[in-house]
Each structure stands twice: as C-alpha cells, then as structure tokens.
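Chains as they are written, first to last, in the working numbering: chain A, 1 to 403; chain B, 404 to 710; chain C, 711 to 1022.
If you're looking for bench data, these hints aren't it; they were derived computationally from the structure. A few of these clues could be false.
Derived lysine-lysine pairs resembling DSBU-like cross-links, with alpha carbons at most 35 Å apart [said to hold, decoys possible]:
1. Lys862/C x Lys365/A
2. Lys227/A x Lys428/B
3. Lys61/A x Lys304/A
4. Lys272/A x Lys428/B
5. Lys706/B x Lys251/A
6. Lys885/C x Lys513/B
7. Lys901/C x Lys706/B
8. Lys296/A x Lys982/C
9. Lys109/A x Lys885/C
10. Lys982/C x Lys110/A
11. Lys171/A x Lys428/B
12. Lys306/A x Lys982/C
13. Lys982/C x Lys60/A
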Amino acid sequence: MKRMMLALAVFALIAGSAYAQGTIKIGGIWTLADITGKQGSAAAQLAVDEINAAGGVLGKKLDLIVVDDEGKADKAAAAVEKLATVDKVDVFMGGMGSGAELGKIPAFKKYGKVVMSTGAAGSVTVEKALGPSPESDFYFHIHPWDYNQGASYAEGWDAIQKQYPNIKIRKIFLAYEEGAFGKSSWDSTKVLFGSDMRYTIDGASFKSALFGGGDYTSVLEAAKAFKPDLFLWAGYDADALPLLEQSKAMKFSPGIYLGAPPGWPIGFGSSKLSRNVMLYGMWSPAMNDNNPASAKFYKNYVAKYKEEPATYFAPLSYSAVYILADGIKAAGTTETAPLIKALEATKYASPLGETITFKPSNIIKHQGITRQKILQWQGGFQEVIWPFEAATAEPVYPFPAWK
Amino acid sequence: MVVKRRTAIIAAMSIAATIALILWKPTVLIYGLQAAGLYAAVAIPMGLVLGIVHIVNLSHGEFMMVAAYAAYSACKALGMDPLLAIIPTAIVTAIFGWVIFQLTIRRALKGPELNQLILTFGLAIAFTQTINLIFTSQTYKIPLDYVSASMDIGDITFGTWSFVFVAVAIVYTYGLQFFLTKTTTGKAALAVGQNPRGAAIVGIDVYRTYGLVFALAMALVGAMGALFLTKSAIFPGVGTPFTMKSFCLIAMAGVGNIPGILGASVLLGVAENFLRAFRPTRDWAEIVFFVLIIVVIVGRSLKGRKS
Amino acid sequence: MNRNVSRIFAALFGILAIALPLFAGDYPLQVARNIMLYMALAITWDMLLRSGQISFGIAGLFGVGAYAAILGVIRAGMPAWFSIIFAAIFSGVVAFAIGFLILRLRAMYFSIVTLALGEIFRIIIHNLHDFTGGPEGVVMQQGVIFGGSAGKLYWLTLAGLAVAIAASYWFEKSKIHFALTAIRNNEISAKSSGVNIFRWLLLAFVVTSAIQGLLGGIFVQSYGFATPDTVFSADFTLLPLAMALLGGVYSTRGPIFGAILLGLVSEWLKLKIPYGHLVVYGIIIIIVILFMPQGLKQLVRQPANKTDRRSA
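One chain only, chain A, in its complex shape (with noise of 0.2 Å):
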C-alpha cells in the first residue's frame, strides 16, 4: 500500500499541467506567509495583467506562476525545481531573504535560466554563492547588496550635512539587531562611515521583536551613554514603536532618529512618536507626486487590491517584470544567451524613482539599483530627504526633544 501510494504521488508530480502554447511563463518564488512575499507577488501579477492588456511581449501573453518557498532553503529548492521542469518557466523572479536564496541557487546554476533576483541584500553569502562572471551572468539582482546600502548612506548623510550645514553628524551609534540583517548592517556601517576620519561609530546588538527580544533598555543605555548625533537602529517593524516609546521613557532623544527595518507597523504615521523619524528605504508613497511612474504603480496596485503596498517590495517586483518584458521585447526571444545581453542594456525609469541600469558589484556582473534613499515621516508620511532629485520635502531637525 505505501508503495502505491508513493508511485501515485510521484507520478502526480511529474505530470506538467499541459500549459497553452504561446505564452511567456515567469516563475516566481516568494515567501508568500510574509507581507513582502504576498504583495511582491500581487504587484508582479499585477504588471503581468498590465503588459498582457497592452498586448502582450512578441505577440504572446505572459504567465506568472507563483510558489511559495515557505521561507526555506529545502522548499525554495524544491520550488526552482517545480518551476523549471514541471511548468517550464522560461524566465524565474522572486526572493526577499538570504536563506531561500542561497537554497535556490545551486539549481538556479543548474538552469541557468535568466533570474531577475528582488531580494537577499545579504553579500558574504548570497553574492559569494553566486560567485563571478561568467558563472553568474544569468542573476540580474535588482536589490542592493548591504554593502551598496552603506556606501549610499555615507554619501547620503554626506550630501545632507553640505546642503544643511545645521545638520552636523559627528558620533554614530548603531542598535543592531543581532541576526544576519542586523549583523550585516553593523558591519557595512563599521566599514563604510567607521573608514571616515569624520564619525566615531559605536554600537551594540538587540534581540528584535520578532524573534522574542523586545527588550531595548541595555541598547538604549549603551547609545545614551554614548550621547551620539545620529541614532540608528536595523531591526523588524516590531521593534519601531517599542524603541520609541522606550527611548521617550528613557528621554533619549539624539539628534537625528533613524530607523531601517524593512517595512514598519500599520499606523505607524498616525501615531505623535513617529514625527521626525528618519528612515532607510528604497520607496514610498510621497513619490507618487514627482514619479508618474511611482503614481501609476500605486493607481493601480491600490485599484486592484484596494490596499496600499507597505513595502518597497511591491514596486520592485512590479519593476523585475517591466524589466524583464523589455528585455524579452528587445532581444526578440526567451533564449538564455541573447536574453541576458538584451538586459544588460536595460534602461528601466522605475516606480523607485531611479532609471535602473545593470553594472558589475563586488564579484557579480549584474547588479541593478545600487542607491538607497533617506525619508523622513513628516505629519504622518514618509517623504524623500535624499537623493535631492526624488526630494519631497527637506529635512526636519533636531529630533523633538520627548516632553
């Protein structure tokens, strides 16, 4: 009986679906549980409609078929492998952590099928997996590696201090937390402003919230002992107001208040703490008012989903696929080899506010969007500090004073 059951299985699993001919199917595998996997997903199916209503790529529509990788490297395997044989996917997208990336990728190599990589900003793994040209040509990685992170936060705070000479920035004190993401950030932040004669950089690790932590008290006492300029924290969006309301009853209160999860609480903008809260990001709303195509995207992700994206994962997968459909338009066919030399002419002016083009990084020769933005929350909206070209508002400083 268990052999049936397991010939029945396995048969169940080779069968491919038999897909209509002429169509471009696109893989995707995000961590769907995860509100950056479900709306990166919903807004790539959502360009997938937009490019299939225009009239298709090569007169044929496209297909994206989405598996979740359950956060995982064995299941991301699984699903790159689902993917490639079973629906024949001519073109893969997707991914948001580095330990599914690193799962997906021996058998990435083994297709060798273009990936228009969205996610893992994890460079001592990710990027030394993927290794360097010409092994790797096939990974077109949209998302900045941290270290690209760092180098455009140094030149950003650079930038800042010329162009508002009020705004001066001598010690940096870095709350990390201390998995990979916080770990990570603490070491491009050493290296990148640490280097600089300018800033003394210090800093300390905390468990975030999202693994159990929520405990700030000894890294909010290590940074007020420090009396630093610029107060940063790399945590989850768990710890954004429990930091806050921490560092208020501690009466912490730096200069220049900085926060760089990867997305933030619901509501965090209507509440009086998150005034003049600085932040990392890559995107947010306030671009739709200088950015037609940040407005378009946002028209419609809102239109369909009648909800608004919450990260700057939603446009940059929306972004992967626009790339992608150029890319296939331009080269005149899914062929790997002539594919990938199409992309590396990309010229995409995308929802992030910049034309993404694809350059060599550190060991790989396709790295997309290098530059990362400070925003501010302004009366309850994340507005653009820097770059000035994307600017929707200049900076506020100091960081209240709690009352």
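Chains B and C: place on chain A using the hints.
This is chains B and C only, laid out in the frame that chain A set:
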C-alpha cells in the same frame, strides 16, 4: 533544620546581590525585574495547565497572540484603551480556550501523552497561519502615551510601565495559591492534578475540572494578551518564543511549583540584563538563560540522587 | 499482513527508492530528498523514544553536525564526503560528552535540557563570528557536492536514510530492543533485572545523535551553505516529532509513513493553495492525531501480529 538553613542562606545571598546591584548597576535590577514580570505572567498559566491537566500546551503562546489580536480589534473598533479590554479579552479567551479544549485536547487526553504535544503543535500552526491570513504578517501596535511613563532616580531615567507585569505576575501567583488551597473548586482541581483516579473515586468530575482549569488558564493568558498589546507590537508569530520560554521556566521551577516560577523568572531576568549591561558579554546574554536552566535542572537531579 | 508479504513489499519499496532517479524528474527527486531527510530524523527520534526519553534536541545535534561538516571543508580542507562522516563522528562525540550530564534526567526535564543544549550550540556558533561566519553563515566556494547532480544528491540522502533505517532495525531486532523497552516500561524492575540503564541510554543517545549529525552534514553538502537559523531551525525538531507520532511510534515503519504523509501533503497543499496552505496543514495534523492516536501504522497493522503487540 537543614531546609530552613538553606533557605536562609539563599535569602541572605539574594539580599546581598540585590544591594550590590543597586549600588553598582541599578538598571540591571530594574529592567531585570520588569523582564521577569513579563516572563512569569505568561509562564504561570502554562504551569497551571501542566500541573493539573498534565499537558504541555505547545500553543500556549499562540493563545496569547490570538487574545492580543482580539483585544487590538476591539480597541480599534470601539476606540477604547487596551487596559479596558483586559477583562473582556480574558473572558473571550477563556471561552475560546474552553471550546478548543472540548473539541480537541479533551479527546487526546485519553491517548498517549505525546499525542497531546503534537495536537497542540498542530493547533499552534493553525492559529498562527489563520491570523496571518486575516491580518497579514505586518505588525500592529497601538501607540500609547502611558507606556512611556518614566521615573528619575539620581542620574538614571527608566521606564516604569513594565512594572505592571510584575504586579500581574504577583497577582496571578498569589491569586492561584488562594484559589487552589482555599476554594472548593480549586481544592478539587488540585486533587485532580495530584491523583486523577483518586479524585474520580471521591466523586470529582475530572474532565469537567480539566475544562475549567484550562479555561481559567486561558483567561489569565487572555488578560496578558491585552496587556501585552500595550507594550509590544503584535504579529502572527509573536507568541511562539513565549511558549518555549514558559516551558523552560516551569522546568526550572519544577512542575507544580507556581511560586517557583516567580523566583526562576527573577533569576533569569536579572542574569540576562546583567550580561547585557557590559559590551563584551552582551552577545552572551541569551545563553545564560539556557545555561541556568541546565544548571538548575541537573543540579536538582544530582541533589535528589544524593538524598 | 504476514511477515513474508511485508518483506516483499519492503524489498520492492527499496528497489523503487533506489531506482527513482532513473525515471523521475528533478522536481520529484528534490521533494523526495526533502522528505527522506525528515524521515531519517524522525526515525532517530523514535529510536531514542523507545527508551522513554523524549528529545527536543534533534535540531541541536543536526546543526552541530552541519557546522562540523561545512567548517571541516572550509577551514580544514576536508573532502566533501569525508566531512559528512566527520560530522557524524563529531556529533556522536558531543552526544557522548553531554550524555554524562543529562542522561540521568527523565521526562520533561530531559526534554527541556536537550532543547536548551540545542539553543546553546546555536548561540555559540552564532557568536563566534570569525570562526563560524556568525549569524550570516558560511558558503562553500566549491559549491554543492557532486556538482549538484540531482540523482547523486538523491542517492546521498537515501544513503543517510538507509543508515537510519539500518540502525533502527538493529535497535529493533537485537537485545537493545529488550533493554530499551524494559527501561521505558519500568526502570526499577529493569534495573533489578540487571539492565545497566545508563549504558543503554548512552548507546541510544550517541547512535541517534551521530546519525543526526550525519544528516546535518548531508544537508550542508547538498546545499553548499549553512547559517545558524537554517540548520538549527526548530523545524528539524518539531516536524520529525510530528511525523513519527502521526505515523506511529516505537517502530521504524511509523516514522516512514508519517514522513511520507506530512511531506507529500505539505508539498501538494502548497501547490494547490499557495496562500494559506499552512492552515490546512495544521488542521490535518490535528485531525490525524485525534482520529488515529496510534498513528498511521495502525491502518496497516489491523490484522495484528500478536508477538509484536506484546513487546510494544
């Protein structure tokens, strides 16, 4: 008497340690106690269930999470403060817990103990993922002013709100002690916990008692859920770390020893914060939790063998 | 089902399992690999359970083995296949050492301590950044073993599973079975019958931990990387537990059935219900445990084998 002398030694050492901390790093004591309060308040209901119904409820933290979401929804819909929601949430969680108990856990009680473990594991997954479907994985927080209440003593400024958890833990401990030793239902429950067959012979309805105790524990958990909402952001996975932590604390205190949970929590809270106060040891604060658990449990077993 | 029919089924199953890469595509092979890994872990958990000890530390020994293997390759230049064996030995030695500390504990105290030890291993590896790569983990530059060939990776995992099954049968068919069952049923009478409880527990603990370490080594070599969160994930403790219980404990067959059920169901559900499959997964666990308390194997065992029942 040996016991009295040992207790006196422990008491003296604790007082000495406390005074040392107050003079040297008072924040360690303050934050340690606050952390201990939260750990204990969440662990005590699990201890009640473990001690009387004898099941390890792997979905304990998830009940608190569901209660917190219920409280959040009520507060948002009715515009009220979470503190007002404490009692309604406790009642709702008690009813919810009782229903789940009757539908699932009760049936597993007749079977092997391990099945109960896996059943509650399945419940934990079902709760977490259902909440995830309804609310998504984004965090929710109600920003409140009183959570940032603070006090200045000398040159240290510290938050005082978290002392409310200490108060809750103490109320739970002594409230349960009173319930279990002074009320009829409580005494029956204690009897059932110590000897279910004997209690049944005497005429106590064992399964009804189990249901009541579980509901009572869930009421305590529900109240904590609403209170938790004031200090922490909630998301579907917020309860999971608390299940394991509670389980560890109960093992440290010894099953059935509810006041012991307070002591264990204080020890852990202060030890954690002590290590966090110094740069070189900051990363190792979490490990002290697990090391202490092993030391206490192994130590107790060695002592048991000697006597 | 009488013994010979059962043996024939097992043999056919084995032949099918070995021959799978010859006719199945890469996707079923990957899914099978995932299932076999958990199946093997479930079997090792059951092996220790037969002595009455419930371990919550599978992830701990698995993770220790995983890091032993990957650091063996990266820091000591071991060949990949050797690192896997090294992982098994390393985990076995660690288990031997901690066995002296913890095997005198019983019931939930043993369980909690195994959990605590697992966490301690994880935190140590997490904190020693320079040696272990810290929270971000490490990647093997040379990539995955066997160049990522799906068939060879499948056979590697199958080999790991075979070791677990062989060890489990050894435990079932030799006098170890009587010793462990006696200890599980009543330690006091076991002791008075002359059973050296500590020695048997230590044997069971070391053997199962070594296999868990072996599987950890196989895992990292199959994927080419390790991070503390990935290899010490609670999934490696809780899922094998669920699989063994759903399949039927105190047997080799039970964990096999349980792993096939939960593994296939989880993959299939994911494809059918992309958003929300985990809710159904949780509900399935609840329903199976409520309606089949002895596990799936009671479906196969109904024409009960009287001699087996006496010893169970």
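Identify every previously stated hint that the structure contradicts and give their numbers, smallest first. 5, 9
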